[in-house]
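K.L.:
Fit chains B and C to the supplied structure of chain A, relying on the hints for placement.
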Amino acid sequence: MNSESRHEEHMHDGDCANCPNRMSASDSEPPTRRRFLNYLLGTGFVGTAFAVLYPILKFITPPHLIEAAQNSVTAGKVSDLALNSGKIFKFGNKPGLLIRTASGDFKAFSAICTHLDCIVQYQPENKQIWCACHNGQYNMSGANVGGPPPRPLEEFVVNTRGDDIVVSKA
Amino acid sequence: MKLTNDPPSYSRSRLTFFALIPMIALVLFQTAAAQKKDSCVECHSRLEGPLSEPVRLSKGDVHNARGLSCVDCHRGDASRDDKAAAKGRQTGFIGKPRSSDIPRLCGQCHSNAEFMKKFNPSLRVDQESEYSTSIHGRLLKSGDQKVATCVSCHGNHGVRAVKDPLAKVYALNVAETCGSCHANAGYMNSYRIPHDQFDNYKKSVHARALYERQDLSAPTCNDCHGNHGAAPPGLASVANVCGQCHSRQASLFQASVHKTVFGLMEAGECVQCHSNHGIIPPSDEMLGVGEKSACTHCHGKGDSGYAAAEEMLEKINQMSASISRSTEILNRAERAGMEVSKPRFELNDAKDALTQSRVLVHTFSTDELDKVLKPGMDVANKSYGAGASALDELSFRRKGLAGSLFFILFLAALIYLKVRELERRSQAEKPAGG
Amino acid sequence: MKVEPVTLWLDDRLGIGSIAQLARKKEIPIHRHSIWYYFGGMTLFLFGVQVVTGILLLLYYRPSAETAFESVQFIVTEVQFGWLIRSVHSWSANLLIATLFIHMFSVYFMRAYRRPREVTWLSGVFLLLLAVGFGFSGYLLPWNKLAFFATKVGTEIAGVIPLIGKPMLRFLRGGEDVTGATLTRFFGFHVAVLPAISTVILAVHLALVQLHGMSVPPGLEGKNLRKMKFFPGFLMRDLIGWILAIGVLAALAALFPWELGEKADAFAPAPAGIKPEWYFLFMFETLKLLPPKILSFDGEVLGILGFAAGGLVWFILPFLDKHERTRRPVFTVIGVIVVLFIVTLTIVGFVS
Numbered sequence: 001m002n003s004e005s006r007h008e009e010h011m012h013d014g015d016c017a018n019c020p021n022r023m024s025a026s027d028s029e030p031p032t033r034r035r036f037l038n039y040l041l042g043t044g045f046v047g048t049a050f051a052v053l054y055p056i057l058k059f060i061t062p063p064h065l066i067e068a069a070q071n072s073v074t075a076g077k078v079s080d081l082a083l084n085s086g087k088i089f090k091f092g093n094k095p096g097l098l099i100r101t102a103s104g105d106f107k108a109f110s111a112i113c114t115h116l117d118c119i120v121q122y123q124p125e126n127k128q129i130w131c132a133c134h135n136g137q138y139n140m141s142g143a144n145v146g147g148p149p150p151r152p153l154e155e156f157v158v159n160t161r162g163d164d165i166v167v168s169k170a
Numbered sequence: 001m002k003l004t005n006d007p008p009s010y011s012r013s014r015l016t017f018f019a020l021i022p023m024i025a026l027v028l029f030q031t032a033a034a035q036k037k038d039s040c041v042e043c044h045s046r047l048e049g050p051l052s053e054p055v056r057l058s059k060g061d062v063h064n065a066r067g068l069s070c071v072d073c074h075r076g077d078a079s080r081d082d083k084a085a086a087k088g089r090q091t092g093f094i095g096k097p098r099s100s101d102i103p104r105l106c107g108q109c110h111s112n113a114e115f116m117k118k119f120n121p122s123l124r125v126d127q128e129s130e131y132s133t134s135i136h137g138r139l140l141k142s143g144d145q146k147v148a149t150c151v152s153c154h155g156n157h158g159v160r161a162v163k164d165p166l167a168k169v170y171a172l173n174v175a176e177t178c179g180s181c182h183a184n185a186g187y188m189n190s191y192r193i194p195h196d197q198f199d200n201y202k203k204s205v206h207a208r209a210l211y212e213r214q215d216l217s218a219p220t221c222n223d224c225h226g227n228h229g230a231a232p233p234g235l236a237s238v239a240n241v242c243g244q245c246h247s248r249q250a251s252l253f254q255a256s257v258h259k260t261v262f263g264l265m266e267a268g269e270c271v272q273c274h275s276n277h278g279i280i281p282p283s284d285e286m287l288g289v290g291e292k293s294a295c296t297h298c299h300g301k302g303d304s305g306y307a308a309a310e311e312m313l314e315k316i317n318q319m320s321a322s323i324s325r326s327t328e329i330l331n332r333a334e335r336a337g338m339e340v341s342k343p344r345f346e347l348n349d350a351k352d353a354l355t356q357s358r359v360l361v362h363t364f365s366t367d368e369l370d371k372v373l374k375p376g377m378d379v380a381n382k383s384y385g386a387g388a389s390a391l392d393e394l395s396f397r398r399k400g401l402a403g404s405l406f407f408i409l410f411l412a413a414l415i416y417l418k419v420r421e422l423e424r425r426s427q428a429e430k431p432a433g434g
Numbered sequence: 001m002k003v004e005p006v007t008l009w010l011d012d013r014l015g016i017g018s019i020a021q022l023a024r025k026k027e028i029p030i031h032r033h034s035i036w037y038y039f040g041g042m043t044l045f046l047f048g049v050q051v052v053t054g055i056l057l058l059l060y061y062r063p064s065a066e067t068a069f070e071s072v073q074f075i076v077t078e079v080q081f082g083w084l085i086r087s088v089h090s091w092s093a094n095l096l097i098a099t100l101f102i103h104m105f106s107v108y109f110m111r112a113y114r115r116p117r118e119v120t121w122l123s124g125v126f127l128l129l130l131a132v133g134f135g136f137s138g139y140l141l142p143w144n145k146l147a148f149f150a151t152k153v154g155t156e157i158a159g160v161i162p163l164i165g166k167p168m169l170r171f172l173r174g175g176e177d178v179t180g181a182t183l184t185r186f187f188g189f190h191v192a193v194l195p196a197i198s199t200v201i202l203a204v205h206l207a208l209v210q211l212h213g214m215s216v217p218p219g220l221e222g223k224n225l226r227k228m229k230f231f232p233g234f235l236m237r238d239l240i241g242w243i244l245a246i247g248v249l250a251a252l253a254a255l256f257p258w259e260l261g262e263k264a265d266a267f268a269p270a271p272a273g274i275k276p277e278w279y280f281l282f283m284f285e286t287l288k289l290l291p292p293k294i295l296s297f298d299g300e301v302l303g304i305l306g307f308a309a310g311g312l313v314w315f316i317l318p319f320l321d322k323h324e325r326t327r328r329p330v331f332t333v334i335g336v337i338v339v340l341f342i343v344t345l346t347i348v349g350f351v352s
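Chains as they are written, first to last, in the working numbering: chain A, 1 to 170; chain B, 1 to 434; chain C, 1 to 352.
Careful, some of the hints might be misleading.
[As the list claims (entries may be wrong)] Here are the computed distance ranges between Cβ atoms for each label pair: (1) C:Val343 with B:Asn317: 51 to 61 angstroms; (2) B:Arg213 with A:Met140: 22 to 32 angstroms; (3) C:Trp314 with A:Val157: 55 to 65 angstroms; (4) A:Ile56 with C:Val200: 54 to 64 angstroms; (5) B:Asn317 with A:Val145: 32 to 42 angstroms; (6) A:Ala143 with B:Ala161: 17 to 27 angstroms; (7) A:Met140 with B:Arg332: 38 to 48 angstroms; (8) A:Ile56 with C:Val343: 35 to 45 angstroms; (9) A:Val145 with B:Val162: 18 to 28 angstroms; (10) B:Pro375 with A:Ile56: 40 to 50 angstroms; (11) A:His64 with B:Ser122: 51 to 61 angstroms; (12) A:Glu155 with B:Leu57: 15 to 25 angstroms.
To be clear, the hints were calculated from the coordinates, so they are not data collected in a lab. Quick reminder that beta carbons are idealized off the backbone N, C-alpha and C, glycines included.
Only chain A is shown next, with the shape it has when bound in the complex (with noise of 0.2 angstroms):
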């Protein structure tokens, strides 16, 4: 093959697959199994990485979840909550307890109580918060000021941004 003469003059040692000069006529036509062969090899290639790309684009992707919510949370919005009410709100992994004061400040506190566990509630006709489960009471400073609670409730820090309240661990 006169091809032959003219790749020993190019410093290749005969690898006509991987010729960059497409001079000899014998791989202008490749046979239609090598076609086939490369295209699924392509296929498979583009496949592959596909596979790895997209989980990694995703990844840094930023979930809708910004942060570990672990010191800070949104525990509701301003126009949600009433003068004199309370709500329960998670905090990290436990239930925590906002209120709003007749005179319109926030509080918030944990909501399990000191005694046995159990969560606790705003009484709004008494401002006092209750647990229902022995009759405990504690004040609006978190003290306990009644019943078998033997602590007061771990109380948090509020604030609002904009319409949204937010509660942090002290």
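P.N.:
Okay, now just chains B and C, sitting in the frame of chain A:
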């Protein structure tokens, strides 16, 4: 010591020496006087056995710490060493007081508000009058010498404050103190009341809270019976007493049909189902119509109460089963590595509903139970759904894996074929010398 | 697409032509032990996986005692495919150490450390230490109970070494005890110090391999062996292995996700049966089995010094076994004993 014609300095120092003696003597006398003479203590401390016990006990005694001593209760003359003189008639000495005199004796100080104010202004001064309303007080007045008086619970010598953990009336010690008479079958055999209260109480959930968890808010004898005015609560006031802590159950009961019915039956409200001393944690089996049911004591098949009991138990069991199912699927999802803390948190609402429904049993109305159980079931079902979708995500991952593996193996095989092909070609095209 | 003008452009500016020349010339001898040649490249690939997944994890990880555990939990639960990246990173670390050991022992038994490849061996042992350092420092980063106590025990053992032990312990821990300071320090080692050193040593190691070519075991030297071209033959076969490795890692991540456990609590007692990672297990078990006193010396100290001495001998191996041509059954036997020792004690560590 010689009297000599010494130089003036020597005679001066002798003078000072002699002047010192009376001064020293005066000082010694003063200190002796400050520790007032107490011949009771001096004498009794030297005696053996029980006669010296009062002196030994006085070390921790709360009266003693405030400067009160033997004569303040027993009268007599503590300045006299001679026994006849110290304990003579003229001194007003009271030896061992009679049981029936003790309340009055203690009351001489403890009922005197002006006097008590000097020591502890916040102490109550109505113990004596309260005592006279108690069973013990009434029996004492009728001549019973066996009943408890002040010293039976507080001790006579070595009295300690209630807050003192060594006091016989400290929260953790009350039941044993009461039980020292009330649990003594021989002592109590002349009375028509049972003597198993202490034994029953020890098995109760309140005793467990008090002794095992050291929860001092848990009730002991005096929290339900009163301490000085000790008496069992009247049949129609049991709910009030239990309701001091269990306020919701009590108020629900008092608004229910059972309040009037139990009153007519002369049944002891809460005690009728929950017992008085040996109160164990209530179980769902107390509802319904099974073996351990409390309802079937009065209700028989066919009456509305029987039907209500059945229905309430069924609803509660349904709720409980739904919560278990949801918890189980969430556990499975979590073990497989999925994050389910939010649905778990929300499931708490369902658990709350279940707890509430058990409290609402005291309305004895299935409608009331429905009001909390319907939303509760919704929550439980929602959590179940969250768990199921977590498991779906898991199977999506496995399918994704299978798909990717297919591509990977496919590609690996292709590369292999390709490389074989390339090598075959390069072998074929190699010049002879290669 | 016309490749030729692009390659010419690059060659003109970067001189890649000569590199491409070398690559085309490189050949691999084929014989019955050639299979082991793939393990170096596999280790390199897994290292690459670690770099990529490590950088991805860095986008979300927070290296402080208060937030580390929560950030890993966040990655695994909230970040899309976070579970995959994290599990791949943890599994690949273990596979990397395994292939590294296989690579090292295959080099040993094929005596590829002989002249002129002594420095390649030295750099390789250095890389082993770096890899183990990566493993030890990385293990602490999730700040869970298991890792906390494993670090405590591991640094404790380091502290037992006479003279330098105590200062080394304080250096590693960033104080007297394992605290948040330890975590920050280990994080610095893991993402900055060790990668920097590894880059240099790895570059040296790879450059030397290219320089000297593939070594042939003593028995087969001089024989006229079949040669395979590095490019495309060997490289594409490498590629097959690497792609299969991706598959294995994906399967491990999906079917056996790496546990997160519970957050570390400095005040809680150590859970029962604390064990270090499997690649430390054989040393851990040996120390456990040694008697408390050997002659008049502390058993544990002697054990650690023994391992250090063994490591040193391993390091200077090319200078101990200088015979270039002949086989050395002594060294083969010693090698087999070492492998059996490690394997047996690792198994013992697993079952106990």
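K.L.:
With reference to the structure, classify each hint as holding or not holding.
P.N.:
Structure-based check of each hint:
1. C:Val343 with B:Asn317: 51 to 61 angstroms: Holds, at about 56 angstroms.
2. B:Arg213 with A:Met140: 22 to 32 angstroms: 28 angstroms, holds
3. C:Trp314 with A:Val157: 55 to 65 angstroms: 58 angstroms, holds
4. A:Ile56 with C:Val200: 54 to 64 angstroms: Since the Cβ atoms of Ile56 (chain A) and Val200 (chain C) sit about 27 angstroms apart, the hinted range of 54 to 64 angstroms is violated.
5. B:Asn317 with A:Val145: 32 to 42 angstroms: Given range 32 to 42 angstroms: holds, Cβ gap about 38 angstroms.
6. A:Ala143 with B:Ala161: 17 to 27 angstroms: Roughly 25 angstroms apart at Cβ, these two residues keep to the hinted range, so it holds.
7. A:Met140 with B:Arg332: 38 to 48 angstroms: 43 angstroms, holds
8. A:Ile56 with C:Val343: 35 to 45 angstroms: At 36 angstroms between Cβs, range holds.
9. A:Val145 with B:Val162: 18 to 28 angstroms: 21 angstroms, holds
10. B:Pro375 with A:Ile56: 40 to 50 angstroms: 43 angstroms, holds
11. A:His64 with B:Ser122: 51 to 61 angstroms: 58 angstroms, holds
12. A:Glu155 with B:Leu57: 15 to 25 angstroms: For Glu155 (chain A) and Leu57 (chain B) the Cβ distance comes to about 46 angstroms; the hint is violated.
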